[in-house]
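> Spelled out from the first residue to the last, the chains are:
There are 4 protein chains.
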Amino acid sequence: MAEGTKMRIGFLGLGIMGEAMARNLLKSGLFASVTVWNRTLAKCQTLVSEGAQSAETPAAVVAACDVTFAMLADPDAALAAVFGENGVLAAIAPGKGYVDMSTVDEATSTKIGEAITAKGGKFVEGPVSGSKKPAIDGQLIIMGAGDKELYDLVQPAFGVMGKKSFFLGATGAAARMKLVVNMVMGSMMGAFCEGMALADKAGLEQSALLEILGLGAMANPMFALKGPAIMARSYPPAFPLKHQQKDLRLALALGDSLNQPLPVAAAANEAFKDAKGKGRGDDDFAAVYEATQQ
Amino acid sequence: MAEGTKMRIGFLGLGIMGEAMARNLLKSGLFASVTVWNRTLAKCQTLVSEGAQSAETPAAVVAACDVTFAMLADPDAALAAVFGENGVLAAIAPGKGYVDMSTVDEATSTKIGEAITAKGGKFVEGPVSGSKKPAIDGQLIIMGAGDKELYDLVQPAFGVMGKKSFFLGATGAAARMKLVVNMVMGSMMGAFCEGMALADKAGLEQSALLEILGLGAMANPMFALKGPAIMARSYPPAFPLKHQQKDLRLALALGDSLNQPLPVAAAANEAFKDAKGKGRGDDDFAAVYEATQQ
Amino acid sequence: MAEGTKMRIGFLGLGIMGEAMARNLLKSGLFASVTVWNRTLAKCQTLVSEGAQSAETPAAVVAACDVTFAMLADPDAALAAVFGENGVLAAIAPGKGYVDMSTVDEATSTKIGEAITAKGGKFVEGPVSGSKKPAIDGQLIIMGAGDKELYDLVQPAFGVMGKKSFFLGATGAAARMKLVVNMVMGSMMGAFCEGMALADKAGLEQSALLEILGLGAMANPMFALKGPAIMARSYPPAFPLKHQQKDLRLALALGDSLNQPLPVAAAANEAFKDAKGKGRGDDDFAAVYEATQQ
Amino acid sequence: MAEGTKMRIGFLGLGIMGEAMARNLLKSGLFASVTVWNRTLAKCQTLVSEGAQSAETPAAVVAACDVTFAMLADPDAALAAVFGENGVLAAIAPGKGYVDMSTVDEATSTKIGEAITAKGGKFVEGPVSGSKKPAIDGQLIIMGAGDKELYDLVQPAFGVMGKKSFFLGATGAAARMKLVVNMVMGSMMGAFCEGMALADKAGLEQSALLEILGLGAMANPMFALKGPAIMARSYPPAFPLKHQQKDLRLALALGDSLNQPLPVAAAANEAFKDAKGKGRGDDDFAAVYEATQQ
Chain A
0 MAEGTKMRIG FLGLGIMGEA MARNLLKSGL FASVTVWNRT LAKCQTLVSE
50 GAQSAETPAA VVAACDVTFA MLADPDAALA AVFGENGVLA AIAPGKGYVD
100 MSTVDEATST KIGEAITAKG GKFVEGPVSG SKKPAIDGQL IIMGAGDKEL
150 YDLVQPAFGV MGKKSFFLGA TGAAARMKLV VNMVMGSMMG AFCEGMALAD
200 KAGLEQSALL EILGLGAMAN PMFALKGPAI MARSYPPAFP LKHQQKDLRL
250 ALALGDSLNQ PLPVAAAANE AFKDAKGKGR GDDDFAAVYE ATQQ
Chain B
0 MAEGTKMRIG FLGLGIMGEA MARNLLKSGL FASVTVWNRT LAKCQTLVSE
50 GAQSAETPAA VVAACDVTFA MLADPDAALA AVFGENGVLA AIAPGKGYVD
100 MSTVDEATST KIGEAITAKG GKFVEGPVSG SKKPAIDGQL IIMGAGDKEL
150 YDLVQPAFGV MGKKSFFLGA TGAAARMKLV VNMVMGSMMG AFCEGMALAD
200 KAGLEQSALL EILGLGAMAN PMFALKGPAI MARSYPPAFP LKHQQKDLRL
250 ALALGDSLNQ PLPVAAAANE AFKDAKGKGR GDDDFAAVYE ATQQ
Chain C
0 MAEGTKMRIG FLGLGIMGEA MARNLLKSGL FASVTVWNRT LAKCQTLVSE
50 GAQSAETPAA VVAACDVTFA MLADPDAALA AVFGENGVLA AIAPGKGYVD
100 MSTVDEATST KIGEAITAKG GKFVEGPVSG SKKPAIDGQL IIMGAGDKEL
150 YDLVQPAFGV MGKKSFFLGA TGAAARMKLV VNMVMGSMMG AFCEGMALAD
200 KAGLEQSALL EILGLGAMAN PMFALKGPAI MARSYPPAFP LKHQQKDLRL
250 ALALGDSLNQ PLPVAAAANE AFKDAKGKGR GDDDFAAVYE ATQQ
Chain D
0 MAEGTKMRIG FLGLGIMGEA MARNLLKSGL FASVTVWNRT LAKCQTLVSE
50 GAQSAETPAA VVAACDVTFA MLADPDAALA AVFGENGVLA AIAPGKGYVD
100 MSTVDEATST KIGEAITAKG GKFVEGPVSG SKKPAIDGQL IIMGAGDKEL
150 YDLVQPAFGV MGKKSFFLGA TGAAARMKLV VNMVMGSMMG AFCEGMALAD
200 KAGLEQSALL EILGLGAMAN PMFALKGPAI MARSYPPAFP LKHQQKDLRL
250 ALALGDSLNQ PLPVAAAANE AFKDAKGKGR GDDDFAAVYE ATQQ
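Here the protein sequences line up with chains A, B, C and D, keeping their order. Everything in the first sequence is counted per numbering that gives the first Met the number 0, starting at 0 for the first residue and increasing by one. Everything in the second sequence is counted per numbering that gives the first Met the number 0, starting at 0 for the first residue and increasing by one. Everything in the third sequence is counted per numbering that gives the first Met the number 0, starting at 0 for the first residue and increasing by one. Everything in the fourth sequence is counted per numbering that gives the first Met the number 0, starting at 0 for the first residue and increasing by one.
All the pointers check out, no bait thrown in.
The calculated lysine-lysine pairs, modelled on DSSO-like cross-linking and capped at a C-alpha distance of 27 Å, are: (1) C:K147 <-> D:K200; (2) D:K277 <-> B:K241; (3) D:K200 <-> B:K277.
Because the hints were derived from the structure by calculation, they are not lab data. Model, not experiment: these values are computed from the prediction.
Chain A with its partners taken away, still in its complex shape:
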């Protein structure tokens, strides 16, 4: 791609997150074009009406673009978009880049990265922290790893989609960082729910505990957001408990492979398993509170 030329951007996957991210790229006016694809093609029409191009296969998107981003539902979808018929691999080539922002495990990311690289393309993994609202507001936190040149090249796009991006090292590093972050989150939620449960058993108002925590050094948006859900024992899913438990399991396995004991996370993981066994797998991960109830 020549210096000074505007990049042609592709985007695969128009779910809740993906559509918002692609729209922000489109609205920025920074790119020569934004070409979108979704497994259910009809989902492309809104963005096309707003000025995007669409293509019928991932390969067609990659063929038409300098850099293609992806935000797909899970590892299977991420693998299918790359390795499937008319997938990314069919069109990737030297001079083209692929940035997978889906949340996938390190093995999946590595497999995709190796295949892209083998065809001469450049690859960046870029999982995000944040959900629907930050995606709409362009306030995601982007954890990047893989090819540093491509990472630098797509800074304008990351700047549109997120409030901050980090380059963490070779492919796999971003997947690992996401696990570490989610492990801390799961343990913190487990700790918080034990506090809420103990307050209740000790005859203290849970709302007072929330207020006190909210005024001190531990104050954080998560406690403020999830506290009322716990008090109501109603957990509409933002981050499903079964996914949090899976991330804890994977983080413990990572610790295992590195001989890093993680006893607090291990205890939290068992609490999440207990809640899952109580039928809370599809509830929000704050439902680990149910594990404290007998």
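Once you've looked at the hints, dock chains B, C and D against the given chain A.
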């Protein structure tokens, strides 16, 4: 005490916290007088030079004041000030109030409260959240319990010393709330340190983890403050690790008495014990990071 | 006591264990006399009909005997027998010995030992391992600590009541050893119940697991005895769960005071607390199995 | 195979265990022939000198025999023997049976079983409990699963190699049972080592703890065998710690898939990870004691 009359205030204990709290009461101009006492009497002179009165015994302070506050080092000091020779009990009487803001266990607080009440005085326990800086800035969080009338009466004083106060119920409730809060804090610190350790073992920059956590839903002042200490593995004590471990032990005992399992806190407690065994008892409680290192 | 003279033996406390132990002492014919006392004096009659003497107070027993043994229900009963009106202290004197075989905590044992010693008496603490049947069969395991001369002197009595006795050191050592033993027992039971639960969830017969464990290196009487109770989910109390949980708590506190992390025991303790919260405190400690069920 | 005819037996894998097992089959005189194979063929010569046949490939063994047993080092070796060139699959056929006694995970066992069955053969998985000595003595405990007819048919062989065999259900059940058994073993060892560590810290002789445990309801061969190793802090490997940790990890994953919380095993697993991180992976699993030392 007649309505519309300014209260005469006493203050026992001029340690780092107590001196700052007494000074804020003095500077407010809201009270007829502020009479201070400290076990080492010489410590009173600075405040006297700023306009306070001083007295030679706790009993003399109580005799001269409507309400006496205390901020003493530990349960033994709190008990000595009340039950010792020329202690609070020697002068407390109907119409007088005693507000103990020291951090003590529920049994100590209950024992003091019962003795005060038996003499016709009113008692409030008022442990605080926050350390030196919030004490100086009048930004403490005050957990109150005991006599509601006295609690209401001293609202002006609490308003000078803290940014918020809570009335939590009968004597003992504030001590329990403090334990719950510190239990959550200990578990959170344990979770955070495991994340820092796993990041390091997984080849990730701890500073990047700190930044990412600081931008997301888990962002909180404690991680921001303690993260650099952990990275430097240098832990100047703000809250000594052995005190955090003691609070975890007491919180687990509280859970025990209420049949509330607390497996995450129990795992964190063992990590703090490990760090204590590694000679970190007098370091800051962030030194629980050392328990993750082999 | 002169060499070659038969000892006059006293025995305080004729509960299930105590009566059996006193009877064995009586039947042995090794002693000049066996004088018994029980809080409910009527309980003495059976042994009197078998040849024992009885006395109306602990002091009277001690006055009449060279060495007095005690097997009392709990620390309160043990303290009352020594410090109460007409208690052991009223009659203990140089040349007399007191052997407390009750299960009490180290502080209680130390307090009793110091009081006895201050009066010139000799003291041995001798808690036992084993319950009703071994008491009847004279097959208890006796953990002794305190005065080594007295320990040696009462070897014939220990030989009648137990199959083996151990001298463990200064007063308190036997109480600590009992905690260590019971901590291992509680953790083992927790481990066993998790295995039984996982077998069931994994579609395996629990009876097959019991048989396989019973044939291997882990084979032990406890699994063999408690396995069928767990399969029936019926737990007639031999060792009440709340006592096991209390011993775990005390062992963890001992570890705490010695900076010894005990994460497996801590996790087991939380499981026992969970079972206690599920109303199983008075069931046998094998009911910790209920903590594995959701 | 006709009734009343002696079976022709094959045996793949002549490691420490396998050679002893094959020899017992040979010496029993119950079988028409015993044909052995080992990856390093020279290892066959001793048994040939004692009366066995040998063959150059697994396929050749299967071709020559009614039922072929295998005792291979690990899942990779087990898979290679079946799926590799001239492997079991090349010769298995209706009327022939394959009994894999190697310790492999459920997925490996299932994969082998499906391949054997697809060719019309019968398959039994038969992992054992017990190591070198029981193998020599014909005292193994055999956990069988898969084809019940084949299981019944090989009872005479199992009777020669082991003291007891169990039929546990469809293929995979025996692999799961082995995980459950080893999970209990790992947690028990963790509990035991904490007891040994606490005894030491509490000023008690570890040898006294061993004796006391050995006389009570928890007495078991494993504590008796491993106690002295722990006291010497020297751990010649019988069952390597890294294998025990792997089995704990797999058992926890099994619990995960079945929503069975296993907090005691999870805590034990972290202790084994700690010991592994301290360089004890190749020591005996009793070296988890090192995790209790700071």
